[in-house]
Each structure stands twice: as C-alpha cells, then as structure tokens.
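K.L.:
Read off the chains here:
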Amino acid sequence: MSAEAELVPQLPRPEPDPMSLTPETPATGTLDPAQDPALNPEVADPVLTVERLSLWYGEKQALYDVSMKIPRHRITAFIGPSGCGKSTLLRCFNRMNDLVDGVRTEGSIDFEGGNIFDPRLEVNGLRKKIGMVFQKSNPFPKSVYENIAYGLRIHGVRSKSDLDEAVERSLRGAALWDEVKDRLGESALGMSGGQQQRLCIARAIAVEPEVILLDEPCSALDPIATARIEELMQELKDRYTLVIVTHNMQQASRVSDLTAFMYLGRMIEYGRTERLFLNPMRKQTEDYITGRFG
Amino acid sequence: MKRISARKDLLGDHLVALAGGALALSLLLVIGLVVLLAVNGLASFWPRPIAELELADGRRAMGEIHVRETATVQRETTGPAETIERLQLKGGNRDLTGADFTWIDDREVRSVTYPADAVLLERREWGNFYGRLAALRVGDRELAAGSDATWRAFHELQPAKEREFAAIRALERGPIGTINRRIQALERQRRGAGVKGLAEAERVSAEQAIDAELAALRQQFETRAAELTALREAWSREVLVVEAADGTSKELPVGAVVRAVRPNELGLGGKLALYGSRLWEFVSGEPRESNTEGGIFPAIFGTVMMVFIMTVFVSPFGVLAAVYLREYARQGPLVRAVRIAVNNLAGVPSIVFGMFGLGFFVYLLGGSLDRLFFPEALPTPTFGTGGILWASLTLALLTVPVVIVAAEEGLAAVPRAAREGSMALGATRFETTWRVVVPAAAPGILTGLILAMARAAGEVAPLMIVGMVKLAPELPVDGLAPFVHLERKFMHLGFHIYDVGFQSPNVEATKPLVFATALLLVAVVMVMNLAAIAIRNRLRRRYATSAV
Ligand SMILES: Nc1ncnc2c1ncn2[C@@H]1O[C@H](COP(=O)(O)OP(=O)(O)O)[C@@H](O)[C@H]1O
Ligand SMILES: [Mg+2]
Chain D
1 MSAEAELVPQ LPRPEPDPMS LTPETPATGT LDPAQDPALN PEVADPVLTV ERLSLWYGEK
61 QALYDVSMKI PRHRITAFIG PSGCGKSTLL RCFNRMNDLV DGVRTEGSID FEGGNIFDPR
121 LEVNGLRKKI GMVFQKSNPF PKSVYENIAY GLRIHGVRSK SDLDEAVERS LRGAALWDEV
181 KDRLGESALG MSGGQQQRLC IARAIAVEPE VILLDEPCSA LDPIATARIE ELMQELKDRY
241 TLVIVTHNMQ QASRVSDLTA FMYLGRMIEY GRTERLFLNP MRKQTEDYIT GRFG
Chain U
1 MKRISARKDL LGDHLVALAG GALALSLLLV IGLVVLLAVN GLASFWPRPI AELELADGRR
61 AMGEIHVRET ATVQRETTGP AETIERLQLK GGNRDLTGAD FTWIDDREVR SVTYPADAVL
121 LERREWGNFY GRLAALRVGD RELAAGSDAT WRAFHELQPA KEREFAAIRA LERGPIGTIN
181 RRIQALERQR RGAGVKGLAE AERVSAEQAI DAELAALRQQ FETRAAELTA LREAWSREVL
241 VVEAADGTSK ELPVGAVVRA VRPNELGLGG KLALYGSRLW EFVSGEPRES NTEGGIFPAI
301 FGTVMMVFIM TVFVSPFGVL AAVYLREYAR QGPLVRAVRI AVNNLAGVPS IVFGMFGLGF
361 FVYLLGGSLD RLFFPEALPT PTFGTGGILW ASLTLALLTV PVVIVAAEEG LAAVPRAARE
421 GSMALGATRF ETTWRVVVPA AAPGILTGLI LAMARAAGEV APLMIVGMVK LAPELPVDGL
481 APFVHLERKF MHLGFHIYDV GFQSPNVEAT KPLVFATALL LVAVVMVMNL AAIAIRNRLR
541 RRYATSAV
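Heads up: the protein sequence lines correspond to chains D and U, in order. My numbering puts the first residue of the first sequence at 1, with every later residue one more than the last. My numbering puts the first residue of the second sequence at 1, with every later residue one more than the last.
Certain hints may be false.
Claimed, not checked - Derived CB-CB ranges, DEER-like:
hint : chain 1 : residue 1 : chain 2 : residue 2 : range
1    : D       : Leu121    : U       : Ser26     : 53 to 61 Å
2    : D       : Gly102    : U       : Ile535    : 37 to 45 Å
3    : D       : Gly102    : U       : Val338    : 52 to 60 Å
4    : U       : Ala166    : D       : Arg183    : 53 to 61 Å
5    : U       : Val338    : D       : Lys129    : 54 to 62 Å
6    : D       : Arg183    : U       : Leu23     : 37 to 45 Å
7    : U       : Leu10     : D       : Trp56     : 26 to 34 Å
8    : D       : Asn124    : U       : Leu23     : 18 to 26 Å
9    : D       : Leu121    : U       : Val338    : 28 to 36 Å
10   : D       : Arg183    : U       : Gly367    : 57 to 65 Å
Claimed, not checked - Calculated from the model, a selection of chain D residues having no Cβ within reach of chain U, i.e. all distances over 10 Å:
hint : residue
11   : Ala44
12   : Lys142
13   : Arg203
Calculated from the structure, these hints are not laboratory results. Cβ coordinates follow ideal geometry from the N, Cα and C atoms, glycine included.
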C-alpha cells in the first residue's frame with residue numbers, strides 16, 4: 001500500500017515531476033502508444049486494464065483504440081469536451097452500453113483476471129462489483145430505506161437485521177446518516193438534489209463494490225453540495241476505486257489522483273493530475289486546460 | 001411593439017373566457033344532473049299528507065295529491081277543447097280500484113280535508129292502501145274496534161309479525177334450501193355418474209345407500225315444510241279490517257303490512273324518522289311487487305360485486321399486456337399495429353362484446369365446464385348459462401384496452417434513469433421491471449383501473465345477454481357452501497332502472513324509484529372511484545412521483 005502511495009501521491013503535495021522536464025514530447029501517433037509517456041503513468045496495482053478499446057454506436061465510432069490502467073483505491077478523472085466519449089468509456093466498465101441497441105466493441109478490459117466483454121461473464125455480478133452514480137441523481141420512487149435495501153435484496157439479502165445494518169452503514173459511508181436517520185421511511189424524492197446524489201452513492205456502496213463509476217455526479221448541484229460530494233469522494237477512496245467523469249477541470253484537479261484527457265473519442269493524455277495540469281505534454285491538453293477550446 | 005402585445009393579449013383573454021365558460025358549462029351540466037336525480041329521487045320518500053276529497057257527485061276519494069296543473073282536454077272526440085285545473089291523486093288501493101293514480105277535475109272537488117286518522121298502509125302486495133282502520137280480528141274474535149283502538153293494537157302486534165316473517169324467510173332460504181339442493185344432487189347422482197361403471201352388486205348397494213339417504217332427506221323436508229306451514233298460519237292469523245274512503249272494506253293479514261303511517265298527525269320529527277326509515281329500506285331492502293316497491297339492495301350488491309370481479313380479472317391482464325408491450329416487445333411496426341388495434345378495441349360497441357361473451361364464455365367455456373364437471377345436472381346448465389362470472393369476464397374484456405393504454409402511459413412516464421439505476425446495481429431486467437418500473441407506474445395504472453371500473457359500472461347492454469336479470473332470487477354470495485356462487489344470475493342497478501322505469505305496469509308510481517336508483521348508481525360509481533383515487537393518492541404520496 002505505502003509503496004503505491006509513493007507512486008501516486010496525494011494532490012496537495014507539490015512535487016517536481018521528472019517527466020515535466022522533457023517538454024519536447026513527440027506528437028500523438030508518432031510513438032508506440034504503449035511506450036508513450038503521455039499515456040502511461042506508472043500504475044502498480046491496476047484494477048481495470050483497458051486495452052485497445054474501440055466502440056461503435058451502429059456505424060458511428062465513439063472510441064478509438066483506448067488503452068489505460070486504472071489504479072486501485074485512487075480517484076481517476078476523465079476530462080474532455082462534450083461528446084468526446086468520456087461517458088461511453090465509463091459505461092464500458094460496467095457494460096451499461098449493453099442496454100443500447102447496436103453497440104459493438106473491440107479490444108478488452110481486464111477486471112479481476114478476466115475480460116469484461118467475455119460473453120460468458122455474468123453481467124449482473126459485474127455490475128454488483130462495479131457500481132455507478134449518474135449525472136442526474138436517480139433515486140427510485142421508494143423510501144430512503146428501500147432505495148438502499150433494493151440492491152441488497154436483489155443480491156439475496158433477506159434478513160431484516162442485515163438490511164438495517166447495511167442501510168445504516170451505507171448511509172454513514174455516504175455521510176448522509178445524520179440527515180436522514182429520522183426519515184428513512186419517507187420518499188427519497190423529497191430530498192434535496194445533493195442529498196439525492198449522496199443517496200445514490202450510498203445505494204452504490206451498499207452492495208460493496210470494488211469500483212464506483214461517477215458520471216458527472218455534481219453537474220446538477222450547487223457549490224456547497226458539490227463540495228460535500230468531493231469531500232465524500234476523498235473519504236471513499238480508502239475503500240473503493242473511483243472513476244469520475246467531469247467537464248469541470250477545477251473539480252478534476254481538486255479531487256483526482258490521475259486524469260485522462262479525451263478528445264474526439266481518443267485518449268490524448270493520461271497522467272498524474274498535478275503533472276497533467278501543470279505540465280501538459282500535449283498541445284491539445286494544454287489548449288483545453290487553458291480554456292482555448294472545449 | 002406595444003400594440004402587437006395588446007392584440008395578442010386580447011386574443012388570449014377571449015380564449016381564456018371561452019375555455020372557462022366551457023368548463024363552467026360542463027360543471028353546471030354535471031351538477032344539474034345530480035340535482036335533478038336527487039330532487040326527483042329523494043323527495044319521493046318524504047311523507048305526504050293524505051287528503052280526503054268530497055266530489056260533486058257525492059263520492060269520496062282519499063290519497064296523496066301529487067300534481068296540480070292546468071291542462072287542455074277534450075271531453076268528446078268532436079267536442080271543443082277546454083282548459084281546466086286538475087289534480088293528480090295517488091289513491092293506491094290497486095286491489096280495489098285497479099290503478100294507483102287518478103286525475104280529478106278541480107271543479108268536481110267540493111271539499112278537501114286532511115283527517116287525522118287517515119292511514120297509509122305499505123303492503124307486501126298490491127302497493128299502498130289509503131283509508132281508515134276499522135278493526136283487528138283473530139278468527140271471529142275481535143281484538144280491537146274503531147280507528148284509534150285498532151291503530152294502537154296494530155302497533156303492539158306488528159314487531160312480532162315482522163319477526164315471524166323474518167323467521168319464515170330464514171327457514172325457506174336456510175334449511176329448506178339446503179335440503180332441496182342436497183336432494184337434487186343425490187337424484188342426479190343416482191341417475192348419472194355416481195353409479196356408472198360399477199359392478200352390478202356394487203351398483204345396487206350404492207343405489208340403496210342413496211335411496212336411504214334420499215328417504216331420510218325427504219323425511220326432513222316434510223318436517224321442515226310442516227314447520228313452515230305452521231309459521232305461515234301463525235303469521236297470517238291476525239286480520240286487519242280496513243275501510244277505503246268510498247266505504248269499501250277489506251280484510252288483510254297484519255303480517256302483510258310493512259308499515260302503517262298516519263301522515264296527517266306526524267310532526268317534523270316523525271316525518272324525518274319515517275323518511276330515514278324509508279330511505280334505509282330502499283337501500284338495504286329487497287324489491288317487492290316485481291321491483292316497483294321495496295329496496296334495491298340486490299341490485300347494488302350485484303353491481304358492486306360484478307365490478308369487483310371484473311377488476312380482479314382485468315388488472316393483472318391489462319398490466320401484464322402493457323408491461324409486455326412497453327418493456328419487452330421490440331418497438332417496431334408490429335407493436336405499433338398492436339397498439340392501434342388495442343385502442344380501436346376500446347371503441348367497439350359494447351353489445352358486440354356481449355355477443356362475444358355469450359358465444360365464447362357462456363356457450364363454449366360454460367358448456368365445456370358443464371360437460372366436464374356437472375354432467376349429471378344436464379340438460380339444466382350450471383355454468384353454461386349467463387352468470388355473474390361470465391358477465392364480469394365480458395366486462396373485463398370490454399375494459400382491458402382502457403387499462404392497457406393507461407398502464408402503458410404510466411410505464412412510459414417512468415424515467416429511463418430509474419431503469420438504468422436499477423440495472424447498474426446488478427438487477428436483472430425482470431427485477432428492474434417488477435420492482436422499480438411497475439411500482440413507479442402504479443398511480444398511472446390505477447388511473448386506468450378507475451376509468452375501467454367507472455365504465456364497467458355503467459354498462460348495461462352487454463350484460464343483458466350474459467347473466468343480468470330483472471329479479472334474482474338469491475344473491476351471488478350467501479351462507480351456503482361454497483358461499484360465493486359465480487354461476488348465479490345477478491341484478492344490476494343499470495338494468496333495474498330500465499326495468500322499473502320502462503317495463504313495469506305502473507310507470508307513474510315508479511318514476512321516483514327510477515330517479516332514486518339512478519342517483520344510487522351514480523353514488524356507487526362515485527364511491528368506488530373515490531376509493532380507488534384515495535389508494536392512488538396514497539401511493540403517490542408514498543413515492544412522491546409526478547402525476548401520471
Ligand atoms: N446511445 C447512443 N447512440 C448513438 N450515439 C451515441 C450514444 N451515446 C453517445 N453517443 C455518441 O457518442 C459520442 C460520445 O458520447 P458521450 O460518451 O456521451 O460523450 P461525453 O460523455 O464525453 O460527453 C457522442 O458523439 C455521442 O453523440
Ligand atoms: Mg457524458
């Protein structure tokens with residue numbers, strides 16, 4: 001654990017990056033991507049390993065040859081302009097794209113020693129291990145309690161005491177317990193937007209996943225609610241691997257350990273967050289983070 | 001700029017006024033309808049005074065004055081038309097005079113009085129009697145004589161007679177009914193399946209066993225029948241001697257009188273009590289005199305039960321069909337065609353569904369059931385004839401499109417995000433559909449059911465050929481095993497209105513009943529709808545979903 005923490009340091013620690021000393025990095029494509037330092041941060045203990053992933057929505061290609069390693073118990077952020085394929089990539093990890101008609105993929109994503117796209121893989125089990133939080137909070141039209149208990153019930157938890165315990169643990173884990181403990185029986189839809197989003201996080205951690213995918217979880221929230229979620233993410237990363245999509249660069253720089261910049265379905269640059277923001281290796285990355293486009 | 005916006009607003013204002021006016025008009029019509037029904041229906045239960053008229057030719061008449069009007073009549077076919085004042089008298093005494101109502105020319109009336117001892121007898125047969133009490137007798141012995149003494153004696157006696165009548169009814173329907181049914185079943189057994197396929201010796205012994213049991217039952221029946229005769233005799237022992245206004249006198253058993261009233265000496269309290277008791281009898285009692293008098297409870301019961309059974313069938317069917325169409329079927333031209341067909345089904349005239357119900361449910365399904373399970377009763381059909389089950393199924397078929405359409409809309413309104421949230425937790429398609437989507441769509445589905453129930457409660461035409469009758473001897477639910485008799489015929493408020501209002505020999509007398517029954521039908525539909533709406537609102541509150 002500690003060796004790994006060395007490799008991927010926490011954000012607030014400013015530290016000169018050896019790679020930033022080589023500003024003359026060649027442009028994309030001229031290097032073998034597997035060797036390209038702009039795409040290959042050191043990841044000692046990857047949870048998810050994406051290899052040469054391409055994806056088509058019918059005729060339209062949305063991802064081009066993406067490869068990356070997602071480190072365990074870290075926060076990885078995907079940034080990039082709208083429509084560049086961040087959500088598409090994220091939804092590959094729990095195969096939510098299966099729900100869209102006419103999706104085709106090439107390449108592989110390794111998770112726990114197997115390929116996620118393996119047709120023999122039991123997708124419901126995969127989704128239990130790789131949870132997801134959506135852009136727009138989507139609690140079920142049920143009570144707060146039932147929202148959390150739902151995932152547990154479908155995975156076979158029956159006993160009332162187990163459920164009670166898990167509900168409390170999850171709500172505490174999502175820093176929501178003190179706010180809702182007296183209204184567990186009330187409709188989840190009566191809560192504020194920020195509470196709803198934290199409830200969705202609680203719902204995701206209730207089934208004890210390995211990875212939590214967050215697709216722009218704060219884009220509909222006010223700054224205070226956003227801050228609370230960001231705080232929560234820092235607490236969660238001790239136990240879970242987090243992958244977050246955001247098009248808010250400040251958020252990416254605040255919360256994430258690694259950042260991937262995508263553009264037009266391609267992975268342009270992937271590296272430690274402060275390195276990427278302070279010393280981008282690619283011209284496109286620099287243009288994007290300095291606000292010249294996007 | 002200003003002028004343009006002003007013009008726009010003017011148009012808008014007119015449209016608002018028009019829309020508001022249309023709404024107001026609709027409301028007014030609905031309120032008017034209910035008020036009309038209420039006034040015409042409920043007013044008739046209010047006690048009216050009994051007038052005694054002395055006519056120019058010396059005759060006397062007694063009754064309630066219902067209408068006073070100016071009319072143009074022609075006395076002879078060739079004679080001149082003249083305008084007269086006339087009044088309509090409800091004189092009752094159908095057994096003596098042949099008609100309940102008579103029109104009397106005002107000029108022939110010499111005097112009108114309201115004698116305190118004028119009495120109205122509501123009878124089990126022949127309708128109302130207006131006149132005076134003369135005496136009360138048992139055999140040749142006189143218990144009371146004179147108007148007042150008889151009045152008192154009658155009231156002392158009446159509660160006991162009422163109890164005896166109830167006992168007679170209970171005996172007829174309870175033990176005697178059971179014995180009868182058992183005898184019929186054994187006779188069928190002896191004739192048919194029960195002894196078929198047995199060896200000769202066994203057959204004989206089985207037949208002997210049945211015969212023995214039959215004999216015992218017949219014995220029991222005799223005892224009960226004797227009991228019944230004795231009860232009937234006791235019940236009709238006391239005889240009331242009454243006298244009509246024209247002096248005719250008549251004797252009738254005390255037990256035949258449901259209620260005796262002296263309306264002319266009733267105060268407001270007494271009138272209110274009488275009104276309440278009449279209203280209660282109407283709602284809770286059984287019809288008398290081929291539905292023209294008494295209550296309509298069996299019709300209320302039949303209507304509610306039929307709608308209830310229909311709901312039990314239509315809800316799962318409609319919801320399952322809608323779930324399939326919306327959640328599982330691949331959206332395409334075929335599904336669109338099915339959807340259009342379902343919508344069109346809702347527009348098929350209801351009598352067509354009635355025909356289908358008769359052909360399919362009654363003849364085909366019912367006939368097969370009879371051959372399979374009740375062969376010994378044939379040729380008397382059990383299920384192979386109209387009954388409440390077939391009527392309910394016919395209505396379920398009629399209303400299933402309504403439920404499908406509403407449920408589909410409810411399902412479509414459940415956001416995609418809710419489904420994705422469930423799938424992302426590792427739920428299967430099935431779990432997502434049944435645990436998240438359908439509960440979220442429940443208010444919309446209930447809206448569909450409410451519409452279906454309202455439609456079903458008002459349908460009459462298709463039911464006339466699949467089991468609805470003008471007078472059903474028994475309710476579909478009673479104390480005899482198996483307690484719920486789905487094969488029985490049933491009464492229905494809608495048909496009752498038609499039957500009482502337009503098929504009875506005494507249309508004038510039953511007009512108020514028609515209005516009151518219609519009011520009750522509206523009330524029953526409203527109560528059922530309100531109940532469903534209350535459930536829906538509870539669901540909505542619990543899930544705080546948007547209105548669907
Ligand atoms: N269900 C879909 N069907 C077809 N095309 C899609 C679908 N979802 C996304 N796309 C396309 O794929 C590209 C990437 O989309 P997305 O991953 O949602 O971008 P981002 O999340 O980065 O904004 C876009 O061009 C988008 O139009
Ligand atoms: Mg997106």
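K.L.:
Next, verify each hint and record whether it holds.
P.N.:
Structure-based check of all given hints:
1. D:Leu121 to U:Ser26: 53 to 61 Å: Given range 53 to 61 Å: holds, Cβ gap about 60 Å.
2. D:Gly102 to U:Ile535: 37 to 45 Å: Given range 37 to 45 Å: holds, Cβ gap about 41 Å.
3. D:Gly102 to U:Val338: 52 to 60 Å: violated, 24 Å
4. U:Ala166 to D:Arg183: 53 to 61 Å: Holds, since U:Ala166 and D:Arg183 (Cβ atoms, about 55 Å apart) stay within the stated range.
5. U:Val338 to D:Lys129: 54 to 62 Å: Check failed, 39 Å falls outside 54 to 62 Å.
6. D:Arg183 to U:Leu23: 37 to 45 Å: holds, 39 Å
7. U:Leu10 to D:Trp56: 26 to 34 Å: Given a distance of about 56 Å, which is not inside 26 to 34 Å, the answer is violated.
8. D:Asn124 to U:Leu23: 18 to 26 Å: violated, 51 Å
9. D:Leu121 to U:Val338: 28 to 36 Å: Given about 35 Å between the Cβ atoms, the range holds.
10. D:Arg183 to U:Gly367: 57 to 65 Å: holds, 59 Å
11. Ala44: About 29 Å separates D:Ala44 from the closest Cβ of chain U, which puts it past 10 Å; holds.
12. Lys142: violated, 6 Å
13. Arg203: The assertion about D:Arg203 is violated, with a minimum of 7 Å to chain U.
Hint check: violations occur at hints 3, 5, 7, 8, 12, 13; the rest are consistent with the structure.
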